[in-house]
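K.L.:
For the protein sequence lines, the chains are F and A, in the order given.
Taking UniProt numbering, the leading residue of the first sequence gets 1, the next gets one more, and so forth.
Taking UniProt numbering, the leading residue of the second sequence gets 1, the next gets one more, and so forth.
Take the hints with a grain of salt, since some may be wrong.
What the hints assert, rightly or not - Computed list of lysine-lysine pairs in DSBU-like fashion (alpha-carbon distance at most 35 angstroms, straight line): (1) Lys101/F <-> Lys101/A; (2) Lys101/F <-> Lys118/A; (3) Lys118/A <-> Lys101/A; (4) Lys101/F <-> Lys118/F; (5) Lys118/A <-> Lys118/F.
Hints are computed from structural coordinates only; laboratory data are not their basis.
Residues per chain, in single letters:
Protein chains: 2
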Amino acid sequence: MRIILTGAGGFVGRHLAHRLLSPGPNGGLNGRPVTRLVLADLELADPELAAFDDARVVRVAGDLSDADVRARLVAGGADVLFHLAALPGGAAARDPGLSRKVNLDGTLDLVEAFAAAKDAAAPPPRVVYTSTIAVLGHPMPATVDDATPLRPAMTYGAHKLMVELALADYRRRGLVDPVAIRLSGILARPGGATGLKSAFMSDVFHALVARRPYTCPVSPAATIWAMSLDRCVDNLVHAAVMESGLMPAGGAVTLPALCFSMESLVGAIARLAGADPALVSYAPDAGLEAAFGAHPPLETPAADAAGFRHDGTVDALVESALATL
Amino acid sequence: MRIILTGAGGFVGRHLAHRLLSPGPNGGLNGRPVTRLVLADLELADPELAAFDDARVVRVAGDLSDADVRARLVAGGADVLFHLAALPGGAAARDPGLSRKVNLDGTLDLVEAFAAAKDAAAPPPRVVYTSTIAVLGHPMPATVDDATPLRPAMTYGAHKLMVELALADYRRRGLVDPVAIRLSGILARPGGATGLKSAFMSDVFHALVARRPYTCPVSPAATIWAMSLDRCVDNLVHAAVMESGLMPAGGAVTLPALCFSMESLVGAIARLAGADPALVSYAPDAGLEAAFGAHPPLETPAADAAGFRHDGTVDALVESALATL
Chain F
1 MRIILTGAGG FVGRHLAHRL LSPGPNGGLN GRPVTRLVLA DLELADPELA AFDDARVVRV
61 AGDLSDADVR ARLVAGGADV LFHLAALPGG AAARDPGLSR KVNLDGTLDL VEAFAAAKDA
121 AAPPPRVVYT STIAVLGHPM PATVDDATPL RPAMTYGAHK LMVELALADY RRRGLVDPVA
181 IRLSGILARP GGATGLKSAF MSDVFHALVA RRPYTCPVSP AATIWAMSLD RCVDNLVHAA
241 VMESGLMPAG GAVTLPALCF SMESLVGAIA RLAGADPALV SYAPDAGLEA AFGAHPPLET
301 PAADAAGFRH DGTVDALVES ALATL
Chain A
1 MRIILTGAGG FVGRHLAHRL LSPGPNGGLN GRPVTRLVLA DLELADPELA AFDDARVVRV
61 AGDLSDADVR ARLVAGGADV LFHLAALPGG AAARDPGLSR KVNLDGTLDL VEAFAAAKDA
121 AAPPPRVVYT STIAVLGHPM PATVDDATPL RPAMTYGAHK LMVELALADY RRRGLVDPVA
181 IRLSGILARP GGATGLKSAF MSDVFHALVA RRPYTCPVSP AATIWAMSLD RCVDNLVHAA
241 VMESGLMPAG GAVTLPALCF SMESLVGAIA RLAGADPALV SYAPDAGLEA AFGAHPPLET
301 PAADAAGFRH DGTVDALVES ALATL
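Here chain F stands alone, though its shape is the one from the complex (with noise of 0.2 angstroms):
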């Protein structure tokens, strides 16, 4: 299989750069061997991605906006585009005019030159788009499921759910074969300012192993959804290889995820990692508890259908969160 990864430099995309290029049955694409891995990001130089010393890998560093960092990138096609790259929520809240040029004018043009690379005699190749549960936006209503209206309530959710329309479009037009993913928190990211306004969930965890104090911006009641690292990237390599038959109309599926309260996080985190959680205390902000602690229960029967799965418990979550950190 011949792959091409964008944002393969940010934290899930190096993630699942190590298991595409990782020998064996959970390797690859769960162990359909990669031949050729593009990875792409605006800079490579990380030294974790500069260690990929494999004859397989072809790095392209540039802004995809740029038409010809995307002739780069997909010339000689390939049989799935994880595209991963965006500007994250916070960062496009800021400056939404650059969201619109990364999340969807770049995105377009990303996707639609991706279908004109593939060999004619092929079949629409496989895309697979990481939208995000902002789609949805808040308040929320008292359960979510697949019939919930989407409304974002903010510029990076609003531009995620146009792509998701437009890879609709494509489907319908065969230019590309599109699996689009709605992700929710995932845990735990890298500390540290990443855009990223639910970065509190993953700030608790570095906190707490560090025996750091942590002030919570989001009250002990606070509910969020999210799964693990390992969890994100098995249900990315399944979008990569499941029949698109699976898919319900629109194209797109919010995938499972746990949803559980902040409190109940700190105390799985605590006691699995040894610390004590009165390192946590609380000082609520009242939009972020809104737009990111008000995560009512979330059922997904077209994701499950289609075969995606969530951590199965908090505790098998923080577990396996605490072995990525």
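Following the hints, put chain A in place on chain F, whose structure we already have.
P.N.:
Positioned in the frame of chain F, the structure of chain A alone reads:
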């Protein structure tokens, strides 16, 4: 009121321009006088448009995809932008790339330029955006209402829905004050190819009035949603002057429309125009029937509450449509 009108050379645009320039309580914006009207279209050489010999009128001919044309159009700002210009459904299906350029990218660029041209101290200006029932897609459920999922089944509808989402985001960001209204069939359009797949609804008017035989490409039992040209312009003017707080979350509504069968439409036209309904024969095309002739009952509580109206009865619709033929 200072107004910009794109698509001024089109069927609806011309009728709207006439209304805006008319004196009296039914002219202008429901009696509010229009002090400046910028008419924009690819070309404005049409004799009817050339006849707008009015000191208030400014003409801007050119492609809205051209930044210079957009700059001329929005120079000095305006109180209301009516954005009617679009590549219609059939043409968009034949050239999806051009649809993206016109119906998506060019539209967003125009709205952003309009927002940037406003006086810094002025509130966000109104944008009236003509969306389409094509955002609903097909097959449709047994009844369509404001909770019906939006799953466009053609490029035109996908791009229109993407713009609805972008407008809702612009509203949140305080750039503009948008009112997006989804139009169904407008009767009766001029005869001849217009790029609209729904042209049959209008062509049957012209045939019966001219006592010409007409082969209808949908069945007698085919059901359509429509409003008269005059009622459409009533709704456009209402969209320009209404309080935006009357619009539902999301900022877009499906306009009220009468739902009726082709057979009842043919009967009403024949009766009111004194023609023989037997001039119409039927040779249904399965694709057209599915996309344009299978409309279930329509409920539009959000638009009703916001003050939009349909024609009341099929006879009233046909009478109004015949008067503007």
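K.L.:
So, for every hint listed, does it hold in this structure?
P.N.:
A quick look at each hint next to the structure:
Between Lys101/F and Lys101/A the alpha-carbon distance is near 14 angstroms, which keeps this suggested pair within the 35 angstroms criterion. As the CA atoms of Lys101/F and Lys118/A are separated by approximately 23 angstroms, the hinted pair is consistent with the 35 angstroms bound. Our distance criterion of 35 angstroms between C-alpha atoms is met by Lys118/A and Lys101/A, whose separation comes to about 24 angstroms. Restraint check: the Cα-Cα separation between Lys101/F and Lys118/F comes to about 24 angstroms, which is no more than 35 angstroms; the hinted pair holds.
Only pairs whose Cα atoms come within 35 angstroms are accepted, and Lys118/A paired with Lys118/F is rejected, the gap being roughly 45 angstroms.
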